[in-house]
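Asks: These protein sequences, in sequence, are chains A and B.
Be aware that the first sequence starts at 0, since it is given in numbering that gives the first Met the number 0, and climbs by one per residue.
Be aware that the second sequence starts at 0, since it is given in numbering that gives the first Met the number 0, and climbs by one per residue.
No lab work stands behind these hints: they were computed from the structure.
Treat each hint with caution, since some may be false.
Claimed, not checked - Pairwise CB distance ranges (calculated):
#, chain 1, residue 1, chain 2, residue 2, range
1, A, E307, B, S332, 30 to 40 Å
2, A, E307, B, P306, 52 to 62 Å
3, B, T44, A, R91, 27 to 37 Å
4, A, L289, B, D218, 30 to 40 Å
5, A, T57, B, A193, 24 to 34 Å
6, B, A328, A, G59, 48 to 58 Å
7, B, A328, A, L78, 36 to 46 Å
8, B, D41, A, L133, 20 to 30 Å
9, A, I325, B, S332, 42 to 52 Å
Stated by the list, open to error - Covered stretches of chain B (in silico footprint by chain A; criterion: 3 or more residues with CB under 8 Å from a CB of chain A, positions within the stretch not fixed):
#, stretch
10, 28-37
11, 54-68
Claimed, not checked - Stretches of chain B that chain A covers, calculated by requiring three or more beta carbons in the stretch to come under 8 Å of a beta carbon on chain A:
#, stretch
12, 202-210
13, 227-235
14, 285-291
As the structure is a prediction and not an experimental result, all values here were calculated from the model.
Glycine included, every Cβ here is placed at the ideal spot set by N, Cα and C.
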Amino acid sequence: MQKVSPLRVAPRAVWWGVASIPLGFLAIYVAWPSAALLWRAMFGDALADTASTLSARTLGEVTATTLGLATAGTITALLCGLAAAWALYRLRWPGAGFVRILLSIPFALPTIVVAIAYSRLIAPDGLLSATGSLAPWIAIAAALAVFNVAVVMRVVGGAWAALDPALVNVARTLGASRFQAWWHVTMPALRPAIAGAAALVFLFCSTSFAIVLVLGGTRISTLETEIWFQVNIWLDLRAAALLAVVQIVTVVGAVLVSSHVRKRSERKVSTLTSEGTRPAQPRDTVMVALALLPALVLVLAPTVALIEGAFTGPSGWTLAYVSGLISSEIPAGLSVPIWQATLHSLEAAALATAIAVPLGLALAWSTAHSRKPATLEAVVLMPVGVSAVIVGLGLLLTLASGAWGPGWADPRWLIPAAQAVIALPLVARSVTPTLRRISPQIRASAATLGAGPWAQWKEIDWPAARRPLAASVGLAAAVSLGEFGATAFLARPDHPTLPTVVFRMLSRPGAESLGTAFAATLLLAVVTGIAIAIGEMIRGRTRSDI
Amino acid sequence: MKTTPIWGAATALALTLSSCSAAVDTTTVTVITHDAWAMSTDAITAFEEESGYTLEFLAPGDAGTLVSQLILTADNPLGDVVYGVDNTFASRATNAGIFEPYESETEGTFADVGGFPGLTAIDYSYVCINADTGYFTSHDVPLPRSLEDLTKPEYAGLLSVTNPATSSPGLAFLLATVASQGDEWPAYWEALVANEVRVTSSWSETYFTDFSAPNYGGDYPLVLSYASSPPFEVIDGEATTVALLDTCFTQVEYAGVLAGTDNPDGAQAVIDWMRSQEFQQELPTQMYVYPISRDVDLPEEWASHAPAPTAPFTLDPQVIDENRADLIARWNSIVLD
Numbered sequence: 000m001q002k003v004s005p006l007r008v009a010p011r012a013v014w015w016g017v018a019s020i021p022l023g024f025l026a027i028y029v030a031w032p033s034a035a036l037l038w039r040a041m042f043g044d045a046l047a048d049t050a051s052t053l054s055a056r057t058l059g060e061v062t063a064t065t066l067g068l069a070t071a072g073t074i075t076a077l078l079c080g081l082a083a084a085w086a087l088y089r090l091r092w093p094g095a096g097f098v099r100i101l102l103s104i105p106f107a108l109p110t111i112v113v114a115i116a117y118s119r120l121i122a123p124d125g126l127l128s129a130t131g132s133l134a135p136w137i138a139i140a141a142a143l144a145v146f147n148v149a150v151v152m153r154v155v156g157g158a159w160a161a162l163d164p165a166l167v168n169v170a171r172t173l174g175a176s177r178f179q180a181w182w183h184v185t186m187p188a189l190r191p192a193i194a195g196a197a198a199l200v201f202l203f204c205s206t207s208f209a210i211v212l213v214l215g216g217t218r219i220s221t222l223e224t225e226i227w228f229q230v231n232i233w234l235d236l237r238a239a240a241l242l243a244v245v246q247i248v249t250v251v252g253a254v255l256v257s258s259h260v261r262k263r264s265e266r267k268v269s270t271l272t273s274e275g276t277r278p279a280q281p282r283d284t285v286m287v288a289l290a291l292l293p294a295l296v297l298v299l300a301p302t303v304a305l306i307e308g309a310f311t312g313p314s315g316w317t318l319a320y321v322s323g324l325i326s327s328e329i330p331a332g333l334s335v336p337i338w339q340a341t342l343h344s345l346e347a348a349a350l351a352t353a354i355a356v357p358l359g360l361a362l363a364w365s366t367a368h369s370r371k372p373a374t375l376e377a378v379v380l381m382p383v384g385v386s387a388v389i390v391g392l393g394l395l396l397t398l399a400s401g402a403w404g405p406g407w408a409d410p411r412w413l414i415p416a417a418q419a420v421i422a423l424p425l426v427a428r429s430v431t432p433t434l435r436r437i438s439p440q441i442r443a444s445a446a447t448l449g450a451g452p453w454a455q456w457k458e459i460d461w462p463a464a465r466r467p468l469a470a471s472v473g474l475a476a477a478v479s480l481g482e483f484g485a486t487a488f489l490a491r492p493d494h495p496t497l498p499t500v501v502f503r504m505l506s507r508p509g510a511e512s513l514g515t516a517f518a519a520t521l522l523l524a525v526v527t528g529i530a531i532a533i534g535e536m537i538r539g540r541t542r543s544d545i
Numbered sequence: 000m001k002t003t004p005i006w007g008a009a010t011a012l013a014l015t016l017s018s019c020s021a022a023v024d025t026t027t028v029t030v031i032t033h034d035a036w037a038m039s040t041d042a043i044t045a046f047e048e049e050s051g052y053t054l055e056f057l058a059p060g061d062a063g064t065l066v067s068q069l070i071l072t073a074d075n076p077l078g079d080v081v082y083g084v085d086n087t088f089a090s091r092a093t094n095a096g097i098f099e100p101y102e103s104e105t106e107g108t109f110a111d112v113g114g115f116p117g118l119t120a121i122d123y124s125y126v127c128i129n130a131d132t133g134y135f136t137s138h139d140v141p142l143p144r145s146l147e148d149l150t151k152p153e154y155a156g157l158l159s160v161t162n163p164a165t166s167s168p169g170l171a172f173l174l175a176t177v178a179s180q181g182d183e184w185p186a187y188w189e190a191l192v193a194n195e196v197r198v199t200s201s202w203s204e205t206y207f208t209d210f211s212a213p214n215y216g217g218d219y220p221l222v223l224s225y226a227s228s229p230p231f232e233v234i235d236g237e238a239t240t241v242a243l244l245d246t247c248f249t250q251v252e253y254a255g256v257l258a259g260t261d262n263p264d265g266a267q268a269v270i271d272w273m274r275s276q277e278f279q280q281e282l283p284t285q286m287y288v289y290p291i292s293r294d295v296d297l298p299e300e301w302a303s304h305a306p307a308p309t310a311p312f313t314l315d316p317q318v319i320d321e322n323r324a325d326l327i328a329r330w331n332s333i334v335l336d
């Protein structure tokens, strides 16, 4: 183990060839739409009804609120996610795979549903009511963490599972306590992955919309909610653009901190991959239970509410809502039966995953082989860190209005592409830390022995990248299944997806609408679970041939 | 749809690409709607077969969002015709010049709930306070009747409404208070706040989470909803909720031809179709609004459980547009700060 400065072995032409594909994709679907909107905001007609309502004081306040809530959400997700990663990725025990899937499901749930489930907690007789005026803040941080526990668990878990246990064993043999070994050996090795996950989660938290709106009772505003207001209520694009710029600065800031932490802690290892998991012993039971408790409580709270809602009607238990999911009857307010909306969701998610996974892998490879990884990482995180309102509106202004012709505007392609944009950073972030840990000396030796970039990729990078990549497939599918941000701007009412069904049902009165909304959310959760399980199976299979 | 690109930086490339595909397609009509759009496939197919047009739909957001987005994309419209612009946002849209004036003149009798120059009214609804009748019977408190009643101590802590900035019924309710109280509306809201009014971000939260009606079991017997909500709360033939008809504001939804469409005939045909009986009779079940046509029958439950208010509040759309931003800002400072 030694610290070596990054050495680029891949020839420049190869690097650009690989990097240009994902970068071009991000340029077309994120950078161009956002830039077009910002340009329009700054140099187009002022559209606002009145003088801007955005004062310096408001700007300062919303920025502080955004940073505060995102930090709280990130810390909560990190604490719960790290503990869960240890119990579920470092140890092998029957049922671990199931729990991994369970904890990943919320990632795909429409935020509005989790928000409503959590709003019960802050109701006058809810669990959190004792905390008084702090209640909405705690609820928001918890709800934000619910979505992101999976990100921490998967990104860090992937790295942890591949961490050579010999290092800890050596430390322990040399007299280090369990804690010392963990703190001085395990943590530094995991820090790049933790920093990567934290940056990602921080950005997801800082751009969250529905959770802040619903749980904050519209009294708490963040950059994202304020952008929404400025665009949709005041039609004040300039104010929205200013807020978006502040948001982008936050993104860059978070990335810089993250890559600084990473740079300080990154060490190269000369082993390609190692099996870091061990079977759980009976003596681990208590530790595993303790480690999983916080994450499970966080995730199960809204899940229980969800199941209760899907199976309870005005007169007690009922299977009506759940059986309505497979019925060929079309619920009032929808144009197709729900099973067909499920197919639409699956189609879009499959396409989005098929785009995001190879592009994410290309991006991870490019980052790992780059001289300026921090810049590339900032680019990778842009889709998560830039407001969905800005990207969505930008897409409407550019591709969706047919600026490049009807082919580009076709929602059958545009929606999965917009979803892939959000899934891509997850894939890239999951794979990059593992690739970066490969010692350049290995590459140098391979090159000396005559291995070209392709052979190096095949023999060195691919075997290392395979497992974290497979682990990220489920996450990519999950995020595509539930994405309802930028794509909400492109929704086709005659071609609904599951999140659209939920949203639509929640806008009609009647016990049946509410029950159907919960049942459809449950179905979304199950479909997501299956998608993640498939990812897990691929991951399980790759383990054997490493 | 016009395909002329507007972006200077991308113009050169985009021009080349779009000119390859600029052949005008007049058989497809793209309909832009709000996100509550719903219509049966049968009705849509019947229209397509009869007219020869193919319909495509795009729903970029709720009623307010829809208008913002139509204005933003005015140079390069997303479609040919729009449905769902309401009287609280219509002036903003027409002042921005995004419509090609067209008022459908199909035959029939239509409700006179408020027209708008250049647009065609399709349906309307009443935003009203709804009450859980069981609560008031069991607590032996009379049902409130007017907006003023809501500020009385016996109704303290019973009312949940939505934020006018994030919810369209919320805006309608704010406008109802402005229409009824005139310049005194801020004092009215201060009284509501003193009477512990709860404010949520969305109708779903107020209705599903807060409403104490037997179907939901929340903590608030008075919630902001619609005159057409009570039919959905009929249990075993008995109504469990009622709309307070002296608290209502009329919302009218319009359709219009988007300026810059290269298919004005198709757009007009769609608007005429929306005024037809086939379309109108589906409105109550599909979108749970009242049809503008007087020639179609309301569903039975509506006839018995959703009476229309006799004197709902209204405001001139132009007045709404001029004051919307100030009203919301003022409301924010009274209610949320």
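Asks: Look at the Cβ atoms of I325 (chain A) and S332 (chain B) and judge whether their distance stays inside 42 to 52 Å.
Replies: 50 Å, holds
Asks: With a cut-off of 8 Å between beta carbons, are at least three residues of the stretch 285-291 of chain B near chain A?
Replies: With 3 residues closer than 8 Å to chain A, the stretch 285-291 of chain B meets the three-residue bar; holds.
Asks: Would you say the stretch 28-37 of chain B counts as covered by chain A, given the rule of at least 3 residues with C-beta under 8 Å?
Replies: It holds: at least three residues are needed, and the stretch 28-37 of chain B offers 5 whose Cβ sits within less than 8 Å of chain A.
Asks: Taking the CB of D41 (chain B) and the CB of L133 (chain A), does the distance hold inside 20 to 30 Å?
Replies: Violated: the Cβ-Cβ distance is about 53 Å, outside 20 to 30 Å.
Asks: Checking C-beta pairs, does the stretch 54-68 of chain B have three or more residues closer than 8 Å to chain A?
Replies: holds (count 11)
Asks: Please test the hint of 30 to 40 Å on the beta carbon pair from L289 (chain A) and D218 (chain B).
Replies: 36 Å, holds
Asks: Is 24 to 34 Å respected by the C-beta to C-beta distance linking T57 (chain A) and A193 (chain B)?
Replies: 26 Å, holds
Asks: I want to verify a distance hint. Is the separation of the beta carbons of A328 (chain B) and L78 (chain A) within 36 to 46 Å?
Replies: 40 Å, holds
Asks: Examine the stretch 202-210 of chain B for residues whose CB is less than 8 Å from any CB of chain A, and state whether their number is three or more.
Replies: Holds: 6 residues of the stretch 202-210 of chain B have a Cβ under 8 Å from chain A.
Asks: Given a hint of 27 to 37 Å, does the C-beta separation of T44 (chain B) and R91 (chain A) actually sit inside it?
Replies: 55 Å, violated
Asks: So is the stretch 227-235 of chain B in contact with chain A by the C-beta rule, three or more residues under 8 Å, or is the coverage claim wrong?
Replies: holds (count 4)
Asks: Could you see if the CB distance from A328 (chain B) to G59 (chain A) stays within 48 to 58 Å?
Replies: 18 Å, violated
The structure fails hints 2, 3, 6 and 8 (numbered hints given earlier, in ascending order).
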